[in-house]
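A.B. asks: Sequence lines, in order, name chains A and B.
First residue of the first sequence? That's 1 in this note's numbering, and the numbers climb one at a time after it.
First residue of the second sequence? That's 1001 in this note's numbering, and the numbers climb one at a time after it.
In short, the hints are calculated from the structure, not lab data.
Incorrect hints may have been included.
Taking lysine to aspartate or glutamate pairs in the EDC-like style, the calculated list, with each CA pair at most 20 Å apart, reads [what the hints assert, rightly or not]: (1) B:K1383 <-> B:D1508; (2) A:K59 <-> B:E1220; (3) B:K1504 <-> B:D1517; (4) B:K1049 <-> B:D1060; (5) B:K1206 <-> B:E1145; (6) A:K273 <-> A:E244; (7) B:K1383 <-> B:E1395; (8) A:K53 <-> B:E1477; (9) A:K53 <-> B:E1215; (10) B:K1593 <-> A:E89; (11) B:K1452 <-> B:D1508; (12) B:K1563 <-> A:E98; (13) A:K144 <-> A:E89; (14) B:K1206 <-> B:E1263; (15) B:K1575 <-> A:D186; (16) B:K1049 <-> B:D1036; (17) A:K4 <-> A:E85; (18) A:K61 <-> B:E1482; (19) A:K53 <-> B:E1129; (20) A:K142 <-> A:D186; (21) B:K1383 <-> B:E1363; (22) B:K1458 <-> B:D1374; (23) B:K1633 <-> B:E1653; (24) A:K61 <-> B:E1220; (25) B:K1003 <-> B:E1215; (26) A:K273 <-> B:E1597; (27) B:K1608 <-> A:E98; (28) A:K59 <-> B:E1477; (29) B:K1049 <-> B:E1129; (30) B:K1324 <-> B:E1363; (31) B:K1009 <-> B:E1075; (32) A:K59 <-> B:E1108; (33) B:K1099 <-> B:D1120; (34) A:K265 <-> A:E235; (35) A:K94 <-> B:D1374; (36) B:K1456 <-> B:E1497; (37) B:K1563 <-> A:D186; (38) A:K94 <-> B:E1215; (39) B:K1563 <-> A:D7; (40) B:K1206 <-> B:E1220.
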Amino acid sequence: MNGKIFDIQKFCTSDGPGIRTTVFFKGCPLHCLWCHNPESQSSERQVMFYADKCRGCGKCKNADDSFVCYNDARRVCGKTVTVDEVTREVLRDKVFYETSGGGVTLSGGEPLYQADFALEILKRARKNGIRTAIETCGFAPKEKLRQIAEYTDLFLFDVKETDAQLHQSFTGVDNVLILENLRLIDSLGKDIILRCPIVPGCNARTEHYKGIAELANSLASVKGIEIEPYHSLGEGKNVALGNESRVFRTLTAEEIEDILVTVRKYTDVPVSKS
Amino acid sequence: MTKLEQLKKLVFESDNSAAFIERDRILCRLEAEMADYTSGDRYAVILSKLLAEVSTPVLDCDYFAGRMVEGLPEEGVCSPSRLLFSTGHMNPDYAKLLKVGLGGILDEIKSNAAKINTPDALEFAHNAEIVVLAVRNLAARYSAEAERVEKAEMAAALSRVPFEPAYDFYSALQSIWLVHIVASCYVGSRDYAFGRFDEYMLPYYKQALSEGNTEAELDELLAGFFMKTNEICGRATHNYNIKPILPQSSKQYVNIGGEHPNELSRAVLRAAIINNMAQPQITVLLSPSADAEFNHAVFTALEALTDKMNIYNYDLVVRALINKGVEPSVAKNHTYSACCTFDFNYHSFRREYFAAAPQMFLEVIKSGSYESVDGILADFQSKLREGMQRYADLEQKRIGGHRQAFVFDCLLLSDSAVMCKYPDSGVSPYNALNYFCPGVATLGDSLMVLDKLVFKDKRISYAEFMNVLENNFEGYEELHGEILAMTHFGNDSDADEYTALVGKAFLDAVDELTLKDNFFAIGGFYSLERDNVWASGIGATPDGRLAGQPLSENQSPTYGMDKSGITALLHSISKLPFDRTATGGLNLTFGQKQPPEILEALVLSYFKMGGFHVGISVLDREELKDAMAHPEKYPTLTVRLYGFSEYFVSLPEWQQLAVINRTAY
């Protein structure tokens, strides 16, 4: 079986416990305004061009995907890979998972956007004794999610906005199905960590922090809440993709601490900064 | 201000251009006075006179006695190392010192000399007696001074040690320090290490705990002891603005761990964190399955001690030594001394040789036309062997040469003391010749490029490619770009096999050396600063390195060529044939702090894959750049160099840049 990914990153230490390999799926049903992986949104292959690195040699004109720019000014983002290929790459670091309690994490983009491909990778990981995690926005058909859950040890579940209408305006979809799916996973007894991007000008407000805490309180399997302050790493990638660039303000250390304190005020679930 | 803070302040206030002026003045005078004294005990008599005359300062903040008087070098006063010198680079038998005292060691020497009953042996014993009594006298004078300044415990200890056996934790540390300072500073040389410190000090530590001392009290005492090591080395590196003293830039290694880590091993880690200075270097001999609690303690300590700790794969080294024919008990008792160099503990001082592997490799490939990597490797190995054999012959020829009958170190190298022979006479059944291969990744990648571009793809003829190297890639910019874009060593790819082949050729050459039965050639991958200081004389290499550019450092890939993350890097490096090495080191650099449990998992995984050593550092490039611009703001900032910690502001500019330009993960 084939799927589209744009990266496989090793030694990931913030996508679940221990040392992990994260597989980044290409394609996402949401279009978050602040997306820090804008190259993940489209399911199509994309060319990223970094003008500041280009020496103008012209060799990339009409070049195919095998062309390598020595100056790293042109990068092709997105490739079709088989489950075997992904599994082989993931297995390379098995020794690191074993000593650290780590494993593989499927991220993106949205792994559930290619649910069958994700399912096969998770099955193969399990078969090889590797623990699994999936980072998801939760926007997926219930039946697919149920199948995926069977082979997933940990859900890193995004909570982008607790207000349904604002969710629609920030991400392009409302959060009704997403919250239903979150409760479904919870009912299956799967470990869940809520991952909450906080973006000034969008969702950086007290009602939202309170909403996150109340959501966590209403679920049985939430093991933690991770607050993810907005960062501007996606900006350069938007430029390289030729996208309109959206930049938000970054939070100060004091503001981040205040957010953590606020969320903690309303819940006993462990809250940390990611 | 606490005592420790005061001691630390004194280290940073001391003048790094000052000499051990009192020693130098006395020796200059003695050199003239004793010009005609040629008797066989000349060395011992000079040392004895020196120790009888030097001051015995004890400061209020001193935990232990033993301090050098410093002053700026004076015209006409030099440091006449021809009068008193040693080889250093060894792990003295401090276990024996504590157990029987210098008096006990002397008794043994006299008894053995009487049995051997040769003029040389008797003269050896005569020298030993003069020197031991001189140290006893120095201790007595320190004891009197300690009494005068009302330091009762110090005074009591020095009235007995180091001549008598140590009787408690404090007296053991005091005994070691007085002997250590005589060896390092008066007799003079670099890199006396502290051996298996946590083993031989354990009984005294347990006794102190059982007598009601708290862990915190003993940690402080240990930290006070460790602080002393900073007082004798200066704050400069060995190749730039060095302090004009014999132990200049010495690296003080404390070995802990091994088969049975204990409560003192953990106390050493705690004390090192309290001390947190460039010295000592905590060298952990990590047996991954020996003690999980100790492993956690090591990696927790690493958070504070990043650049000040070496971690060796103890089990792998022991196996490699046993495979070389070393007795298991000796193999298990191995140690390291500065810098990252293997040592048969107190058996002998060790020697080291950096093979000019990059130069030889270039000579080989330019000397003829090759059609395969096998041909290159065979000739390279042969050339390496010739160079290394010449060094081995030279070292072994010295045996029996008798530079002199006796040096202070003889008391602390037990085989030498037992046989009443100067250690350079090769008396020990265990002599280590460390052979290092610098630039191994540069050479592996060079082999890879030759194989792929010239031999397999036939993109360019061998002769033309040699011409490309002669021209330093000028006129071949496109080819140069292509070579640099190839996957090099360090990315867990097939390219790694070439570096492994170079490593194998090197170790094969080491194994082919003809040596006496009591000499062991210990091979390993290590560059020290050769990656930079040799670079200017080395032309372009096939891996795309331009003439004069740095070679790969230690066991690392060429910086910038490792592009696939740290797990790939460790997979790659573990492909080197470490199971045949026992010496050398690796620097692993992070761009930000890592949690201890992640570092532990990384290193244990690496050792599981066959990794040999790691020295970990965390770099903040912006801070380092600021330190280059404003050195006055960063007097205490340490960084890891090849196998040790250094004060960043004391480095030459090229070395500061080399640190900043490492690949950081």
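A.B. asks: Does each hint fit the structure? Answer for all of them.
C.D. replies: Going through the hints against the structure:
{"no.": "1", "hint": "B:K1383 <-> B:D1508", "result": "holds, 12 Å"}
{"no.": "2", "hint": "A:K59 <-> B:E1220", "result": "violated, 65 Å"}
{"no.": "3", "hint": "B:K1504 <-> B:D1517", "result": "violated, 23 Å"}
{"no.": "4", "hint": "B:K1049 <-> B:D1060", "result": "violated, 28 Å"}
{"no.": "5", "hint": "B:K1206 <-> B:E1145", "result": "violated, 30 Å"}
{"no.": "6", "hint": "A:K273 <-> A:E244", "result": "violated, 29 Å"}
{"no.": "7", "hint": "B:K1383 <-> B:E1395", "result": "holds, 19 Å"}
{"no.": "8", "hint": "A:K53 <-> B:E1477", "result": "holds, 17 Å"}
{"no.": "9", "hint": "A:K53 <-> B:E1215", "result": "violated, 57 Å"}
{"no.": "10", "hint": "B:K1593 <-> A:E89", "result": "violated, 26 Å"}
{"no.": "11", "hint": "B:K1452 <-> B:D1508", "result": "violated, 24 Å"}
{"no.": "12", "hint": "B:K1563 <-> A:E98", "result": "violated, 24 Å"}
{"no.": "13", "hint": "A:K144 <-> A:E89", "result": "violated, 25 Å"}
{"no.": "14", "hint": "B:K1206 <-> B:E1263", "result": "holds, 9 Å"}
{"no.": "15", "hint": "B:K1575 <-> A:D186", "result": "violated, 44 Å"}
{"no.": "16", "hint": "B:K1049 <-> B:D1036", "result": "holds, 16 Å"}
{"no.": "17", "hint": "A:K4 <-> A:E85", "result": "holds, 12 Å"}
{"no.": "18", "hint": "A:K61 <-> B:E1482", "result": "holds, 18 Å"}
{"no.": "19", "hint": "A:K53 <-> B:E1129", "result": "violated, 72 Å"}
{"no.": "20", "hint": "A:K142 <-> A:D186", "result": "holds, 13 Å"}
{"no.": "21", "hint": "B:K1383 <-> B:E1363", "result": "holds, 9 Å"}
{"no.": "22", "hint": "B:K1458 <-> B:D1374", "result": "holds, 17 Å"}
{"no.": "23", "hint": "B:K1633 <-> B:E1653", "result": "holds, 17 Å"}
{"no.": "24", "hint": "A:K61 <-> B:E1220", "result": "violated, 68 Å"}
{"no.": "25", "hint": "B:K1003 <-> B:E1215", "result": "holds, 18 Å"}
{"no.": "26", "hint": "A:K273 <-> B:E1597", "result": "holds, 18 Å"}
{"no.": "27", "hint": "B:K1608 <-> A:E98", "result": "holds, 11 Å"}
{"no.": "28", "hint": "A:K59 <-> B:E1477", "result": "holds, 14 Å"}
{"no.": "29", "hint": "B:K1049 <-> B:E1129", "result": "holds, 14 Å"}
{"no.": "30", "hint": "B:K1324 <-> B:E1363", "result": "violated, 31 Å"}
{"no.": "31", "hint": "B:K1009 <-> B:E1075", "result": "violated, 29 Å"}
{"no.": "32", "hint": "A:K59 <-> B:E1108", "result": "violated, 79 Å"}
{"no.": "33", "hint": "B:K1099 <-> B:D1120", "result": "violated, 27 Å"}
{"no.": "34", "hint": "A:K265 <-> A:E235", "result": "violated, 33 Å"}
{"no.": "35", "hint": "A:K94 <-> B:D1374", "result": "violated, 33 Å"}
{"no.": "36", "hint": "B:K1456 <-> B:E1497", "result": "holds, 16 Å"}
{"no.": "37", "hint": "B:K1563 <-> A:D186", "result": "violated, 39 Å"}
{"no.": "38", "hint": "A:K94 <-> B:E1215", "result": "violated, 40 Å"}
{"no.": "39", "hint": "B:K1563 <-> A:D7", "result": "holds, 14 Å"}
{"no.": "40", "hint": "B:K1206 <-> B:E1220", "result": "holds, 16 Å"}
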